[in-house]
Every structure is written in C-alpha cells, then in structure tokens.
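Undergrad: In the order they appear, the protein sequences are chains E and H. Counting along the first sequence from 1, when you hit position 28 you're at 28 in the working numbering, and nothing is skipped either side. Counting along the second sequence from 1, when you hit position 92 you're at 92 in the working numbering, and nothing is skipped either side.
Since the hints were derived computationally from the structure, they do not count as laboratory data. Every residue gets a Cβ at the ideal spot worked out from N, C-alpha and C, and that includes glycine. Be aware that one or more of the hints could be misleading.
[Stated by the list, open to error] Label pairs and their calculated CB-CB ranges:
1. E/Ala112 x H/Met115: 45 to 53 Å
2. H/Gly65 x E/Ser16: 52 to 60 Å
3. E/Thr86 x H/Leu160: 20 to 28 Å
4. E/Val28 x H/Phe153: 24 to 32 Å
[Stated by the list, open to error] Result set (SDA-like, lysine to any residue): computed pairs, CA atoms no more than 20 Å apart in a straight line:
5. H/Lys181 x E/Thr12
6. H/Lys139 x H/Gln66
7. H/Lys61 x H/Leu76
8. H/Lys210 x H/Leu42
9. E/Lys21 x H/Gly105
10. E/Lys79 x H/Ala22
11. E/Lys79 x H/Ala96
12. H/Lys176 x H/Gly101
13. E/Lys21 x H/Leu83
14. H/Lys210 x E/Leu61
15. E/Lys21 x H/Glu171
16. H/Lys210 x H/Phe143
17. H/Lys61 x H/Thr140
18. H/Lys210 x E/Val34
19. H/Lys210 x E/Leu60
20. H/Lys176 x H/Val108
21. H/Lys134 x H/Ala64
If you want the building blocks of each chain, they are given just below.
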Amino acid sequence: MEAHGSQPVEHTHPSSGVYVKIGVVLFVLTALEVGLYEFTYGEHSGVTGHALQPFFVPLLLALSAAKFALVAMFYMHLKQDSRLFTGVFLFPLIIATVIILALIVLEAYHFAFAASG
Amino acid sequence: MSDHAAAAHLETSTGLDSRKVAIWTFIGSECLFFATLISNYLVHKETWLSGPGPFPHEVWKSPAGQVFEPIIEIPLVTVGTALLLFSSLFVVLALANAQRGNRTGLLVWLAATIMCGFFFVGMQVYEFTHFVHKGLTLKTNLFGASFFTLTGFHGTHVTLGVIWLLTLWIEAFRGKIPPEKSLNLEIAALYWHFVDVVWIVIFPVVYLIK
Chain E
1 MEAHGSQPVE HTHPSSGVYV KIGVVLFVLT ALEVGLYEFT YGEHSGVTGH ALQPFFVPLL
61 LALSAAKFAL VAMFYMHLKQ DSRLFTGVFL FPLIIATVII LALIVLEAYH FAFAASG
Chain H
1 MSDHAAAAHL ETSTGLDSRK VAIWTFIGSE CLFFATLISN YLVHKETWLS GPGPFPHEVW
61 KSPAGQVFEP IIEIPLVTVG TALLLFSSLF VVLALANAQR GNRTGLLVWL AATIMCGFFF
121 VGMQVYEFTH FVHKGLTLKT NLFGASFFTL TGFHGTHVTL GVIWLLTLWI EAFRGKIPPE
181 KSLNLEIAAL YWHFVDVVWI VIFPVVYLIK
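Bound conformation, chain H alone (with noise of 0.2 Å):
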C-alpha cells in the first residue's frame, strides 16, 4: 500500500483503518442474525401439517389427502450459486485492478459483479413465484415461513449489495475511484464476499440436505 493511500485512510490506535474495523464487526453481527435464521429453519423445516414440503425429489401427501409435487428446482439454484461465486472472483479482480489504478478492468469486472447479483436475484424472484403457483406460500405452513424469511433477507441482502456496488461503478465510471480511495471498493467487496459465505451455508443446508 502506498503512502498516499495510507494517508487517506482513518487510522485508529490499533493502526487499522476504523471503516474496515466497523465493516468486519458489521459482518459479525450478521453472522449472529443469519444463524438465528438458519437455526429457524432447521427447528421448523420439517414440522408442516398442510401444503408441499421441502424435499426436491419427494411427492408428498397432506392428511387431507392432497398430493403435492416436488418443489425444489436444483439445477436452478445450482446455477445461482454459481454466479454467486463467480461474483466474488469478479469483485476481488476489480479490487486488484482499483489498486493498480487500471480504471478499465476496474469498470469491467464490477459490471460483471452486478450483472451475477443481478441475474441471482432474478434467480430468486423467479423460484420465489414457482413456489407460489405451487401452493406454497409465507403463511402455508412451518417450512413456509421459515424458508422465505431466511432466502427472503438473504435475498434482500444480495440485492442491497447490488445497488451499493452500482453506485460504485458510477462513481468509478466518473474517476472518482482512484487507487488511493480503493477502499471504498475493497469495504463494499467485504460485504458482497459475505453475502456469498452466507449462501454458501445457505445452498448445502436448504436445498441439498434432506
């Protein structure tokens, strides 16, 4: 790190810029809040009496007799997780190229960035409805509300992401990211690697653990 962007930087007594100090323990509170979460689903998931249950290869019957199909689509989360993932190789690589003042790579990987939050998101909002034509809803049962609050602020979450980092690549587009000020990148690009470490607990435990 040069001079120059140490300068910049608010130290603190520890020598440690405080922005990064107070995004690392925003990200520690928001490990607590997801493992409420989690730990929500994991209680409720299979304590549902009405609507489809929560298993992607399973038809399921209610005890009114009601059949319902297999709602858990894979192959298409499948595919979201891995735009999660990509998104935080592409939001480290323009880091790195906002540290060597290289404004083009810079500008191209966080449009890639954004476009994989954006796409996950739409991910989402599609399995979201397919879950609704299905039957199942936030208010159907256990498993219902438990799963939608959980993907639901995940979700929410991914897509505040998206926004800050847009509002980054305007400013980027207008120079005003220059090497100096990267930490503005690299505190946005902590939050986005945490929302992918969430869905990277998220995916295994929700979707793929019967």
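For reference, chain E alone in the conformation it holds in the complex (with noise of 0.2 Å):
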C-alpha cells in the first residue's frame, strides 16, 4: 500500500513457511531456557552446571530477549510495517527496561544500606 506520494508505509507479511521457522525456533529457545536451568540449578546438575551459575541470568535473559525479538519483529511484523509502529512501540519499552533496572538497583541499594547499618 502507498500512501501521500511514494512512501511506503505498509508492506508483504512473511509466508506461512516463514511463520513456521520462526515458531520452531521460537520452540528450541525456550527448551534451551529450560535445559539451561535443569543444567544449573537440576537435579543432577554437576560440577560444570555450578560452574555455569555466575552466567545463568545473562544467559536467559539473552533467550528470552531474542525470544522476545523474533515475535515482535515477524509475528507481530514490525519488520514490515511502518516505523511509527516500532517507535510506538520501543519508546515505552525502553522506558519500562528502565524503570525495571532503577527499582532493582535503588531495592539492591537500599539493602546493602540496611546491611551496614
């Protein structure tokens, strides 16, 4: 579709084929998520598993991240749509990171703090 002249602002949705790659690896992450966590912190989680648990929340943050990426850029086509859309978007998501982040830094503050006396 264009509009006002010749800017593009709305375009060809991915294929079904698409659609299903993208679930599928969508899938594979969130095994991976889990694995990861049964690996670290599982039943039978060994000598490499404690060694894994200094890079456990990055690491699954990073999978959730990309997880959140991939449905956000080709299931709900921010990859195709307008810009505006994106902007409306990752605006108030940056502000939500943000607010997250202060609140776990000013509680974690607060508690060293208190441990001081």
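Using the supplied hints, reconstruct the complex from the two chains, each of which is provided in its own coordinate frame.
TA: This is the structure we're talking about:
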C-alpha cells in the first residue's frame, strides 16, 4: 500500500513457511531456557552446572530477549510495517526497561545500606 | 494489500490505519503497566517471613519453624509457555489464511489458537489452586501478593484475548471476515502476540531465575 506519494507505509507479510520456521526457533529457544535451568540448578547438575551459575541469568535473559525480538519482528510484523509502529512500541518499552532496572538498583542499594547498618 | 482492502481502512494523515495506530499505542501503554508489576515482583519476591518461598527446588523453614515444600512446578509452566508460543504461531497462520480468503484455514488455525489460550488459562487456574492448597495466597506474604498480582493480571489478559478471538471465530464462521476485513483479526492478533511476549519475560523472571 502506498500513501501520500511514493512513501510506502505497509509491506507484504512473511509467508506461512517463515512463520513456521520462527515457531520452531521459538520452541527450541524455550527448550534451551528450561534445559539451561535443569543443567545449572536441576537435580543432576554437576560441576559444570555449578560453574555455569554466574552466567545463568545473563544467558537466560539473552534467550528471552531473542524470543521477544523474534515475536515482535516477525509475528507482530514490525520488520515489515511502518517505522511509526516500531517507535510507538519501543519508546515505552525502553522506559519500562529503565523503570525495572532502576528499581532493582534502588532496592539493591537499600538492602546494602540496611545491611551495613 | 489490495485496493479494496486499502479502501476499507480508516486512513490517517500518516497513511496508516487509525485502528492499528490505536492498538500499538495501547500495547505501548501495556508495556509500562507490566513493567510496574514485574518491578513490584522483583523488589518483593525475597521479602517474605511466612508461608512458602518462591524457589522451586528449595525447602524453606520459616522463623516460626514451619517447613514449606517447594511450590513452583516448572514442567507444568513449561507446557503452558509452549502452548502460548504455539498459539502465537497459529494466530499468524489464521491471519495469513484470512488475508488469502481461505475461510477453512482461518477457522481451523483460529480455533487452535483459542484452544491453546483456553488450556493456558486452565494451567494457570490449576497452578493457583495448587499454590493455595500449599499455603500461598494473595495475603500470605509479599511474594504471594506480587506473584498473584503479576501472573493474575497476565492471566486476565489471556482470558480477555480468548474471548476476543472467540468472537472473531464466530464472525469468521458466519463469513463476516472476508480478506478486506482481515485487519479486524490482525488487531486482535497483535494484542495476542503482546500477551505472548509478556509471558516470554515473565517465564524466566518468575519461574527460572532464583
């Protein structure tokens, strides 16, 4: 669809095959998340699992972010649709992320301050 | 997109359909809503003095000497997560069929989406009931309050999404969603995907991270 001259505002959505491939990737990433948890903290986690513990949260958040991005880009069509939609979604998302991080830091500081007396 | 479909849109000065701009604005506001709930959970999850604690593989002894068993069941929630992910795939396949004018495909994939959403809500109802039987309620401790508020609001969004998609399925069954009206389904699908991406964040944050 074209609007106001030659500026394209909407594009063709991906094919069903692409949707299925993304679905498979999402499923694999979820399996990796749970597998990572079992490997690190599960009943049979060994020395390697224990060594992974410092990297557990960053790895898990990276997998989660990848899933989030895939759904937003392909299933919600942000990759093809108008950039305005991306802006309308990303701006509050960035604020939301900052709010979460700020509160975590504030709370960590509060506990550290309380612990030090 | 066909000229007929484009003509059916409520275009604005941006050249975009106003309903699509509205749903994206709503989704943006929902990001902030869930950010407050997730922050609330993260701040309060380790501040409990009574009742079961949040960690799935740890037995917890309260200051009063009461012993609580681990309560979170990761296999159950993993199935729920997979259902929600599959439902996102099914709804885009339903949309693709709606845009191609394939009514049978639309009905089948939309029904599959609704079933996945329905089973996810069922999973959550089972989980909440299980927690209450284990001694964790909204009033037990701050972990319980923030956990039930966060996951409860998400479950409410899923329930509303199921009802929305069900009404669209009935419309489609009556033949009232031709290709030129597929935007009605696309808007509902965007809401449904948002509910999915919120769970993509909640699943590791609440259930996997200790």
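Undergrad: Each hint needs a verdict: does it hold in this structure or not?
TA: Hints, verified against the model:
Between E/Ala112 and H/Met115 the Cβ separation comes to about 48 Å, which falls inside the hinted range of 45 to 53 Å. For the hinted restraint 52 to 60 Å between H/Gly65 and E/Ser16, the CB-CB distance of approximately 59 Å keeps it satisfied. The supplied range of 20 to 28 Å is met by E/Thr86 and H/Leu160, whose beta-carbon atoms lie about 25 Å from each other. Distance hint check for E/Val28 and H/Phe153: the Cβ-Cβ separation is about 29 Å, which falls inside the suggested range of 24 to 32 Å.
Restraint check for H/Lys181 and E/Thr12: the C-alpha separation of about 16 Å stays at or below 20 Å, so the hint holds. For a cut-off of 20 Å, the pair hint linking H/Lys139 to H/Gln66 stands: about 18 Å separates their Cα positions. A distance of roughly 25 Å separates the Cα atoms of H/Lys61 and H/Leu76; the hinted pair therefore is violated under the 20 Å criterion. A threshold of 20 Å between alpha carbons decides the hint, and for H/Lys210 with H/Leu42 the separation of about 11 Å falls inside it, so the pair holds.
Among the hinted pairs, E/Lys21 with H/Gly105 is consistent with the structure: their alpha-carbon atoms are about 19 Å apart, no more than 20 Å. Between E/Lys79 and H/Ala22 the CA atoms are separated by roughly 19 Å; this keeps the pair inside 20 Å, and the hint holds. Between E/Lys79 and H/Ala96, the direct Cα distance comes to roughly 16 Å. Compliance with the 20 Å bound is thereby established for this hinted pair. Of the supplied pair hints, the one linking H/Lys176 and H/Gly101 holds, its CA atoms being roughly 11 Å apart against a limit of 20 Å.
Restraint check: the Cα-Cα separation between E/Lys21 and H/Leu83 comes to about 16 Å, which is no more than 20 Å; the hinted pair holds. Between H/Lys210 and E/Leu61 the alpha-carbon distance is near 13 Å, which keeps this suggested pair within the 20 Å criterion. At most 20 Å may separate the alpha-carbon atoms for a hinted pair to count; E/Lys21 and H/Glu171 exceed this at roughly 29 Å. At roughly 13 Å between alpha-carbon atoms, H/Lys210 and H/Phe143 fall within 20 Å of each other, so this suggested pair holds.
A threshold of 20 Å between alpha carbons decides the hint, and for H/Lys61 with H/Thr140 the separation of about 15 Å falls inside it, so the pair holds. As the CA atoms of H/Lys210 and E/Val34 are separated by approximately 13 Å, the hinted pair is consistent with the 20 Å bound. Restraint check for H/Lys210 and E/Leu60: the C-alpha separation of about 12 Å stays at or below 20 Å, so the hint holds. A distance of roughly 16 Å separates the Cα atoms of H/Lys176 and H/Val108; the hinted pair therefore holds under the 20 Å criterion.
For a cut-off of 20 Å, the pair hint linking H/Lys134 to H/Ala64 stands: about 17 Å separates their Cα positions.
Hints 7, 15, counting from the list given before, are not met by this structure.
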